[in-house]
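Asker: Single-letter residue listing:
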Amino acid sequence: MISGSGSGLSKTKLIGRRMFVLNFAKAIVFTGIVGRLISLQINESKKYKTLSDKNRFREWRIAPQRGIIKDYFNNEIASNEKVYQIHITPENTIDIDRLFFRLKNILNLTDRKIYALKRVISKQKPWEPIIVSDNLTWSEFSRVNLFLHELQGVEPIVSVARVYPHTSTSHIVGYVSKASTKDLQNKEYLREMAVAGISVGKTGLENKLDEKIIGKVGFQRYEVNAYGKRIKQIKIDKGQSGKNFTTTIDLEVQKFSAELLKEKAGSICVMDIYNGDIVSMVSSPDYDPNAFVHGINKKYWDTLLKNEKKPLNNKAVSGLYPPGSTIKSIVALSALENDVASPELQVRCTGVIEFYGEKFHCWEKKGHGFMNMRSAIKRSCDVYFYEIARKLGVDRLSKTAKKFGLGEKVFDNFLEERSGVVPSTKWKKKFIGQNWYLGETLHSGIGQGYFLSTPMQLCLMSAQIANGGYKIKPRIIFDKDDKNNNLKDYIEYKNNNPDKTISTDILLSNFKLKTLFRNQENINFVKDAMFASTNEPGGTSYRSRLKDKKFIFAGKTGSSQVKRFTEAQREAEIKQSELDYKDRDHALYIAFAPYENPKYSISVVIEHGGSGSSSAAPIAKKVIKKVLERHEIRMAQSNNIGEEI
Amino acid sequence: MYTSRSAFQSSLTFRDKIVSLDYTLIFSILFLGIISMFAMYSTDGGQFNYHTKSHILRFGIFFILFLVVSLFQIKFWYSTSTLLYLIFLLLLIGVKYFGISSSGSKRWINFYFLNLQPSELMKIGLILFLAKYYHRIAIYDVNRIKYLFLPIVALIAPVLLVIIQPDLGTSLLIAAGGVIVAWLAGVKIKFFAYLSIIFISLAPIAISFLKPYQKSRILTFFNPDRDPLGAGYQIIQSKIAIGSGGLFGKGFLNGSQSYLDFLPEKHTDFIFTLFSEEFGFVGSLLILLIYCLIIYRIIAIGNVTRSHFGKLYCYGFATSFFIYVAVNMGMVLGLLPIVGAPLPILSYGGSSMLSIMLGLGIAMSCKVYKDVPVT
Numbered sequence: 124m125i126s127g128s129g130s131g132l133s134k135t136k137l138i139g140r141r142m143f144v145l146n147f148a149k150a151i152v153f154t155g156i157v158g159r160l161i162s163l164q165i166n167e168s169k170k171y172k173t174l175s176d177k178n179r180f181r182e183w184r185i186a187p188q189r190g191i192i193k194d195y196f197n198n199e200i201a202s203n204e205k206v207y208q209i210h211i212t213p214e215n216t217i218d219i220d221r222l223f224f225r226l227k228n229i230l231n232l233t234d235r236k237i238y239a240l241k242r243v244i245s246k247q248k249p250w251e252p253i254i255v256s257d258n259l260t261w262s263e264f265s266r267v268n269l270f271l272h273e274l275q276g277v278e279p280i281v282s283v284a285r286v287y288p289h290t291s292t293s294h295i296v297g298y299v300s301k302a303s304t305k306d307l308q309n310k311e312y313l314r315e316m317a318v319a320g321i322s323v324g325k326t327g328l329e330n331k332l333d334e335k336i337i338g339k340v341g342f343q344r345y346e347v348n349a350y351g352k353r354i355k356q357i358k359i360d361k362g363q364s365g366k367n368f369t370t371t372i373d374l375e376v377q378k379f380s381a382e383l384l385k386e387k388a389g390s391i392c393v394m395d396i397y398n399g400d401i402v403s404m405v406s407s408p409d410y411d412p413n414a415f416v417h418g419i420n421k422k423y424w425d426t427l428l429k430n431e432k433k434p435l436n437n438k439a440v441s442g443l444y445p446p447g448s449t450i451k452s453i454v455a456l457s458a459l460e461n462d463v464a465s466p467e468l469q470v471r472c473t474g475v476i477e478f479y480g481e482k483f484h485c486w487e488k489k490g491h492g493f494m495n496m497r498s499a500i501k502r503s504c505d506v507y508f509y510e511i512a513r514k515l516g517v518d519r520l521s522k523t524a525k526k527f528g529l530g531e532k533v534f535d536n537f538l539e540e541r542s543g544v545v546p547s548t549k550w551k552k553k554f555i556g557q558n559w560y561l562g563e564t565l566h567s568g569i570g571q572g573y574f575l576s577t578p579m580q581l582c583l584m585s586a587q588i589a590n591g592g593y594k595i596k597p598r599i600i601f602d603k604d605d606k607n608n609n610l611k612d613y614i615e616y617k618n619n620n621p622d623k624t625i626s627t628d629i630l631l632s633n634f635k636l637k638t639l640f641r642n643q644e645n646i647n648f649v650k651d652a653m654f655a656s657t658n659e660p661g662g663t664s665y666r667s668r669l670k671d672k673k674f675i676f677a678g679k680t681g682s683s684q685v686k687r688f689t690e691a692q693r694e695a696e697i698k699q700s701e702l703d704y705k706d707r708d709h710a711l712y713i714a715f716a717p718y719e720n721p722k723y724s725i726s727v728v729i730e731h732g733g734s735g736s737s738s739a740a741p742i743a744k745k746v747i748k749k750v751l752e753r754h755e756i757r758m759a760q761s762n763n764i765g766e767e768i
Numbered sequence: 009m010y011t012s013r014s015a016f017q018s019s020l021t022f023r024d025k026i027v028s029l030d031y032t033l034i035f036s037i038l039f040l041g042i043i044s045m046f047a048m049y050s051t052d053g054g055q056f057n058y059h060t061k062s063h064i065l066r067f068g069i070f071f072i073l074f075l076v077v078s079l080f081q082i083k084f085w086y087s088t089s090t091l092l093y094l095i096f097l098l099l100l101i102g103v104k105y106f107g108i109s110s111s112g113s114k115r116w117i118n119f120y121f122l123n124l125q126p127s128e129l130m131k132i133g134l135i136l137f138l139a140k141y142y143h144r145i146a147i148y149d150v151n152r153i154k155y156l157f158l159p160i161v162a163l164i165a166p167v168l169l170v171i172i173q174p175d176l177g178t179s180l181l182i183a184a185g186g187v188i189v190a191w192l193a194g195v196k197i198k199f200f201a202y203l204s205i206i207f208i209s210l211a212p213i214a215i216s217f218l219k220p221y222q223k224s225r226i227l228t229f230f231n232p233d234r235d236p237l238g239a240g241y242q243i244i245q246s247k248i249a250i251g252s253g254g255l256f257g258k259g260f261l262n263g264s265q266s267y268l269d270f271l272p273e274k275h276t277d278f279i280f281t282l283f284s285e286e287f288g289f290v291g292s293l294l295i296l297l298i299y300c301l302i303i304y305r306i307i308a309i310g311n312v313t314r315s316h317f318g319k320l321y322c323y324g325f326a327t328s329f330f331i332y333v334a335v336n337m338g339m340v341l342g343l344l345p346i347v348g349a350p351l352p353i354l355s356y357g358g359s360s361m362l363s364i365m366l367g368l369g370i371a372m373s374c375k376v377y378k379d380v381p382v383t
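Chains as they are written, first to last, in our numbering: chain C, 124 to 768; chain S, 9 to 383.
Incorrect hints may appear among the rest.
[As the list claims (entries may be wrong)] Which bits of chain S does chain C cover? Going by a derived footprint, with three or more residues having C-beta under 8 Å, they are:
id, region
1, 188-196
2, 240-250
3, 286-292
4, 304-316
What the hints contain is simulated information worked out from the structure, not anything from laboratory work. Quick caveat: nothing in here was measured; it's all calculated off a predicted structure. Yeah, the Cβ is synthetic: ideal placement off N, Cα and C, and Gly gets one too.
Put together the whole structure using the sequences plus the hints.
Answerer: Right under this line is the structure:
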C-alpha cells in the first residue's frame, strides 16, 4: 500500500525508537526480577528453609514413663501399669457430635464429661489428640474396638499409668494427677512437657522427686501436608523414662505398723539411729492414692475430706502435737548440760504445786513423794519437771530441744512437712507479741503449752539421744553414693582401737560428725532413765516391756492434752475414756532399741488415744520387735543394695 | 523495485519457507515445553497423571499449530485480523450467556474438546487488530482525535467484558497489549495519561464492582501478613517455596511446599514457584534466560520484517509476552498482587497455550514472509 509509504521511513523510525525505550524498560524489570530471586533464594534462603520445614514438620509429644519407687528390699511401692485409653483426634473425625453420641452409648459418658471434652477440643489445634477416657476396663476397651470401624477419629491406645500397690505407703509416696494450670505455672521443668495426659507428682515423694522421676518427653516428628494430615514419620524419640528411686523404707515394717494403727488416727516412725534411714513412716488412716491418678471421683473425695481422722494428712511430718512427757528426757538433759541440776536433786511431789497463785498438777493426783531425776523420768513426775524447768528457764530448754531436732523440718523440701514450735521468750515476742510468763516455762517443762512437734521430729530426737548424742541427717531416699554411715564407722573405729589416744575432736572432724552434748555422761544418764521407765517396776511403760534379752528397749511415754482439764473434771476423776473422742489426750511414745547397742528409734503417736502408756507403748513394743527381727535381713540387704542399682 | 521483489517473494518454495524459520525460537519453545512437562509431572506428585498427560497433549497439538501458523502467508493474518478480533469479541460476549462458571467467575465456553477461554485469545486479537489499524493510517493521523476513537473502543470493549467475568488479571493484560501497540504506533503519551485519569476517577465505581476476594487480594498485596491463613497465604507460601529452594533447589520431585499442598494453584499461576523450589536460583535463572531469548527472537523478527503491520505485531506481541512473564513472576515473587496471570507455555491451561502458540506462529510468519508487502 502506497498511502503509508510516504511517511514509511519516519514511521519505522518512530516504532523502532519507541521499541528501544520499551526494551530498556524490559531490561530493568528483568533485572528487578533477578534481584528479587537473589534476595529470596540466596540472601534469605536460610530463613525460608526454616519456614518451609516449619510447614513440613509437626511434632507430637510422647509422655515419658515415670520412674519406679522401691522400698529398701526392691519391692515396688510406686510403679506403672498398662491402661486402656481412648483418644480422639478431632481433625480425623467426620462429625464430632455424632461421634460423641455413639461413644456415649458405648462408654456411658456423661453429658457433663462430653461438654468438658468439647471445650478442650475448641481450645486446642484440631490435630492434637484428646483423651476421652484414660482408664477403661478391658470390656469397655474391647467394645470400642468392636465398633471402631464406625468411630472415625477414635484411636484405642494402650498406655501406661501410675499404680500404687500398697496403701500403707500412701503418705510417703504421695500421688500423681493431671498437671494443673498452677503446676505448669510454678514448675519450670514442666513447661517443655506439655503433653496430653502427663501426670505430675502432687504430694509426698512423687512431688519431691518429680523433676527427676518424670523422665524426658519424647516426640514423633511427622511430615504433614497443608491440611495437617500425617504423610510419613520422619523421626521418633521415645524420650526417657524417669529415674528409679530406692527408699529406705521397709515395706514389711510399714505394712505391719499400718495394720497396728488401723481404725486409729496416728503415726509411727522408725529410724536407723546411725545413718538416719527411715525404716517406716506410717500415717493413719491412709487412703488409696490410685484414686487420684485418673481423676478422683467426687464421692471418694468427699469421704476423704469429711473423715475426722483426716486420711489425707501425713501425720508423721505434718501432724503437730505437744510432745508431752516425751520431752522430759530433753528437759533433764538440758538441766544437766547447763549445770542447773544434778541427778541427785530431790523434789517432793505432792500431786500439785502452787506457783504465783496458779496450781500446777502432776498427772498422779496422789503425788509421787520424793523423786530424784532418774525416778522422775521413770515415773514421769510432772512436779519434778516443773521445778527443773523453773530453774532452767525456757530459753536454755529451747536451745537444747532445737539442737535435738525439734522445731525444724527433718527433711529437705518434703512438701507436706511442717516445722512445729519450740517456744522461747523471743519466739513468743515475735509470733504472739507478748512477754513470756514464768508459768509457761513450767508448762513447757512437761511438753505442753506452746510446744508442738511432729512424730518424725520426736523420732529423730530419740535417735540422737540413743546414738550417744550425735547429729544425724534423716533420709528416706537411698543414695548408693552416700551410705551415710560416718557415725557407725566412728563407733566401730573407737571400739577397735580403744588404746589410740587421738583427740576426740580430731576424730569427730575426720568422720564429719557433730556432737550435741557437752558431756556424754549426761546423754548416758538420760538413756538409763529411759531404760528404767520401761524396764523397772513403776516405770510408766513397764507393762509394755519386752523381756527377751535381744529386744530389751528403753522408752518414754507421753500424753499431750488437747483440752485443759477443768478443776471440776479433776475433782470428779474423769477418765480419758469417758471424754469425747475429740477431747481425749494424744498418746505418745518414744523409744530406742535394743537398749544395749541401740539400732533403731521409734515414735508412736495415737491421736486422742488417751495415755501414752496404755495405748502408744503397746503398739511401739510390737513394732520394735518386728524391726529388730528384721535387722539381720536389713543389714544383709544394705551390703548388696548398692550393687543392684 | 518493490514489484520485482514481491514477485520473487510470492514465489517462495516450501523449502525456502522451512529454511527461513527461526530455529532458535523454535528450539527455545520446545525446550520450555519439555521443562513444562517435567514441572507438570512434579505437580502431579511424581506420577503420570491427568495434568501431565493433558499438558503434553496440548503442548504437542499447539506446537504443531504453531508450525502450521508459521507457514501461513502474513497477508492472510493481516486480512483476517479484524475478523479474528470480531470473532473473539463475539466469543467474549458469548461467555456472558453460554459461559461455564468455576469458583465464582464465568470465563469459559465449553467446546467439547476444550474449555475455551476467549479472553486469552483476545490478548492476541487486540494486538492483531491494532497492528492492522495503525498499519493503515498515516503517521500524521495517529494523534488525531478522529483516529483515536476506534482504538479506544476496540480496547475498552473486550477489557470491560473480561472485567465483568470477573477476571482482573487477564483484562489488564489485554489492555496492556493494546496500549503497547498504540504507543509504538506513535500515539502520544498524553492520551494515555488522559485515559488513565479517566480510569482512575472511575476507579471507585469499578472497585464497588470488584468481588470481595479481589479487593482482599489487592489489600493483601500491600501487607501479606494481614491474614496469613487467608488471602496472604498464597504469597507467603510462594515466597517460602522459592526462598527455601536456595541456590540449587531441593531437587526434582522434592519440592515439599508443593508436594505437601502448601502451594496453591501450583499447576497454573504458581508453576514457576514449584520449578524454582525444586531447581533453585540456577533453575529460575535458566527459565528467565529462555524467556529472554524468546522475547529477543520475536523482537529480532520485528526488526527484520519490513511491514509496519509485522513490526507493530511483533513488537507488541514481544512486549505483551514480556509483560505476561513479568507479571506472573512478579506475582509469585511477592512483588505484585495475585491477579491470576499464567506463565506462557509453562502454566497448565489450554486457552493460554493456544493463544501463546497462535501469537508465536504469527510472529514466525512475519519472519518467513518478512519481505512480502502487506496490503
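Asker: All hints are to be evaluated individually against the structure, with a verdict given for each.
Answerer: Cross-check of the supplied hints:
no., hint, result
1, 188-196, "holds (count 5)"
2, 240-250, "holds (count 5)"
3, 286-292, "holds (count 3)"
4, 304-316, "holds (count 4)"
Of the numbered hints stated above, none is contradicted by the structure.
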